[in-house]
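Line by line, the protein sequences give chains A and B.
Residues 1 to 414 in my numbering are what the first sequence lists, from first letter to last.
Residues 1 to 414 in my numbering are what the second sequence lists, from first letter to last.
In case anyone wonders, no lab produced these hints; they're calculated from the structure.
Among the hints, a few may not be true.
Below, a list of computed lysine-lysine pairs in the BS3-like style, where the Cα atoms sit at most 25 Å apart [to be verified]:
1) K237(A) / K73(B)
2) K390(B) / K105(A)
3) K27(A) / K390(B)
4) K37(B) / K37(A)
5) K214(A) / K246(A)
6) K214(B) / K246(B)
7) K37(B) / K58(A)
Remember, it's a predicted structure, so these values are computed and weren't measured experimentally.
Protein chains: 2
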Amino acid sequence: MLAEIITIGDEILIGQIVDTNSAWMAKQLNLIGVSVKQITSVSDDEQHILEALELAEKRADLVLITGGLGPTKDDITKKTLAKYFDMGFRNDAAALEMVRQIFEKYKRPLLDINIQQADVPDGCEVIVNKNGTAPCMWFEQNNTIFVSMPGVPYEMMYLMDDEILPRIKKRFKLPFIVHKTILTANIGESFLAKEIEEIEAHLPSHIKLAYLPKLGQVRLRLSAKGNHELELDREVKTYARQIISKVSRFVVTDEDIPMEKAILDLMKSKGMTLSTAESCTGGYIAHLITQHPGSSSVYWGGAVAYAYELKESILGVKESTLATFGAVSEQTVTEMAEGAVKHFKTDYAIAVSGIAGPDGGTVEKPVGTVWIAVSSKHKTVAKVFNFSNKRIQNIERSAASALAMLLNVLKETV
Amino acid sequence: MLAEIITIGDEILIGQIVDTNSAWMAKQLNLIGVSVKQITSVSDDEQHILEALELAEKRADLVLITGGLGPTKDDITKKTLAKYFDMGFRNDAAALEMVRQIFEKYKRPLLDINIQQADVPDGCEVIVNKNGTAPCMWFEQNNTIFVSMPGVPYEMMYLMDDEILPRIKKRFKLPFIVHKTILTANIGESFLAKEIEEIEAHLPSHIKLAYLPKLGQVRLRLSAKGNHELELDREVKTYARQIISKVSRFVVTDEDIPMEKAILDLMKSKGMTLSTAESCTGGYIAHLITQHPGSSSVYWGGAVAYAYELKESILGVKESTLATFGAVSEQTVTEMAEGAVKHFKTDYAIAVSGIAGPDGGTVEKPVGTVWIAVSSKHKTVAKVFNFSNKRIQNIERSAASALAMLLNVLKETV
Chain A
1 MLAEIITIGD EILIGQIVDT NSAWMAKQLN LIGVSVKQIT SVSDDEQHIL
51 EALELAEKRA DLVLITGGLG PTKDDITKKT LAKYFDMGFR NDAAALEMVR
101 QIFEKYKRPL LDINIQQADV PDGCEVIVNK NGTAPCMWFE QNNTIFVSMP
151 GVPYEMMYLM DDEILPRIKK RFKLPFIVHK TILTANIGES FLAKEIEEIE
201 AHLPSHIKLA YLPKLGQVRL RLSAKGNHEL ELDREVKTYA RQIISKVSRF
251 VVTDEDIPME KAILDLMKSK GMTLSTAESC TGGYIAHLIT QHPGSSSVYW
301 GGAVAYAYEL KESILGVKES TLATFGAVSE QTVTEMAEGA VKHFKTDYAI
351 AVSGIAGPDG GTVEKPVGTV WIAVSSKHKT VAKVFNFSNK RIQNIERSAA
401 SALAMLLNVL KETV
Chain B
1 MLAEIITIGD EILIGQIVDT NSAWMAKQLN LIGVSVKQIT SVSDDEQHIL
51 EALELAEKRA DLVLITGGLG PTKDDITKKT LAKYFDMGFR NDAAALEMVR
101 QIFEKYKRPL LDINIQQADV PDGCEVIVNK NGTAPCMWFE QNNTIFVSMP
151 GVPYEMMYLM DDEILPRIKK RFKLPFIVHK TILTANIGES FLAKEIEEIE
201 AHLPSHIKLA YLPKLGQVRL RLSAKGNHEL ELDREVKTYA RQIISKVSRF
251 VVTDEDIPME KAILDLMKSK GMTLSTAESC TGGYIAHLIT QHPGSSSVYW
301 GGAVAYAYEL KESILGVKES TLATFGAVSE QTVTEMAEGA VKHFKTDYAI
351 AVSGIAGPDG GTVEKPVGTV WIAVSSKHKT VAKVFNFSNK RIQNIERSAA
401 SALAMLLNVL KETV
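Same shape as in the complex, but just chain A:
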């Protein structure tokens, strides 16, 4: 079964927002065995939306549409869908009731434009949206299903989880898609490919191998498609084992999880605790870690020590160290990491201090210079990195490198 996703909204095409909805939807569809053939973002323009619907109908069995359902004039999805399916409008009682309830809950008067949100093309099936005022609409034409949802991420997510995915699973006999991911670090894509070229050459045609490089890590993904889930699972695991045994020293995890989750899992299994002392990463490492449910059993917290004063007062970095060597130095980052272990009473700590940019660089320490330290009660390792002149990238690459350093230290000691 093939699906397409169409996202509607000028805000995507002028780059004001990043389309995170599509990735989330694609992931959920894949998990139930629906392949996404294409993701298309089009503007709030009637002719363009009509063309996109027509092309998608030809290619796909299921077309998921998000966006353009707000109450305001720039939102034209509903009108355009009515035109595409040649339908009139009716005001849907269930949808109107939901709008009423939402306005009652927030004690706000119901405006005409809100009542109009319950107007729907008369040939569609309405799926009530419990989290917002724009109803979800289900259409069928020439064996293709079209579902129109609001673009607000959490409204879309609830509708997908509670309504759309269960209906699709019930109605179609879907093939199985089994993925297996291996996360590697400290090896480049082409060296990895060279190492496993024999294994790759012998993969059967229904199993694909993809290389996904990002921030010094390469994720390998085996994907198998077929009708027998257990058989696919067995096959994929066999090839994954072959790959892992070939490049074991670079393998971080054989689960589809990010580096920090692999670290949390490892540390949790050993009963270890972690804290952070961040300067230039400004809380980003803490954020990566605390995104994960259950992180509190390993991660105790940390400091975002931007100002010199906080490096001293929270982490116990010596004033003389800062004065002599500066904030971005081996000495300071070492004291930050050791201070975190000592004051936060954790087994391990990560510390980062660097010049994220775009300003603040000098000839000796240009923008992108970042010192990272990992400390335990027994030892501290520190290393300097030279990244780019782009702030966000420096933050992300510093965080990825710090996590990779921690993992290496853990691997040596555990």
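Given chain A's structure and the hints, the job is docking chain B onto it.
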């Protein structure tokens, strides 16, 4: 001038990565007056890529393609482009030299598959990629320009900034697109629309108004297109002023910046300092703030106090408060905020403590219960929120609400 973006790669269609490249590219194109008509993500499948190229050529003057240029077998973009343009291959000397230099820099042996990265379709112009081994390729056919770039974000960004955008600006006489954004908070989309419906009704046809709601904020965007930049700018500013004066009490900023940047700018202009004390947001607020260059002049840092022990030791929350009222309580969040002001010596502090989920909820304090406090030397305000049962959403909404609370406090006092 119309552009389309085609991103190639199964990893997008199975939802393993979010396509952030397209939004960035779209934004840069818009700034130089190129409208993006469509963004299309297709799989690593020859037939599908060929179809996407053909459709894009019909609609667009410029087609920017990212992805599928890696050295491994799953990357087929180059081969497919050669087929589309009916070209053979040649090994490009400048591209090969760059590959050599990169391998020399990292002291790694040059493999055959790396040398092959300098193979390009023989009718294309090569633009050397200084940050990676995959060259950028420029094609022209039937008055449409096609540019193929690597999907690695920072390689693509450098190529766009340094090469592609300057070439486009030089070659085409581009219309001007002028945007003006107004960020509002504490008012729903439909109420906002009602408030400004008169103004909206009188907008000329070359000026569009869009409503972009997100996390309790609504961004209004006026966009004007034409040939006279100053005139467009004047017009857009006139309408923006009308809107701002109509809904002034809800306006956060009239710049295209996020809430935290508006707060940083306001506080910087008043010489004020800020710190954070985060529990359930786990460093996310600190990260939002420190993304912005120059944030260090306002933001001194803060604590990510996940464990009870750190709430006590870094922030000075009393053990008895935690024991009596729990971590998620008005009393604790108040002590966290006041502790941050006191210990970090800043004018203002934000504190957040809540149950992000998915576990840890109780009947009295279900998942999504979040206490937020904003404190200054003179007073502390605290408020409870009830969000959803999704962890990431709870973190994001808590951060947005905390920033909105801080802004309200600042507006009252400044």
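Here is what the structure says about each hint:
1. K237(A) / K73(B): Distance ~21 Å between K237(A) and K73(B) Cα, so the pair holds.
2. K390(B) / K105(A): holds (21 Å)
3. K27(A) / K390(B): Holds. K27(A) to K390(B) sits at ~17 Å (cutoff 25 Å).
4. K37(B) / K37(A): Holds - the C-alpha atoms of K37(A) and K37(B) are around 20 Å apart, at most 25 Å.
5. K214(A) / K246(A): holds (21 Å)
6. K214(B) / K246(B): With Cα atoms ~21 Å apart, K214(B) and K246(B) stay inside 25 Å; holds.
7. K37(B) / K58(A): holds (21 Å)
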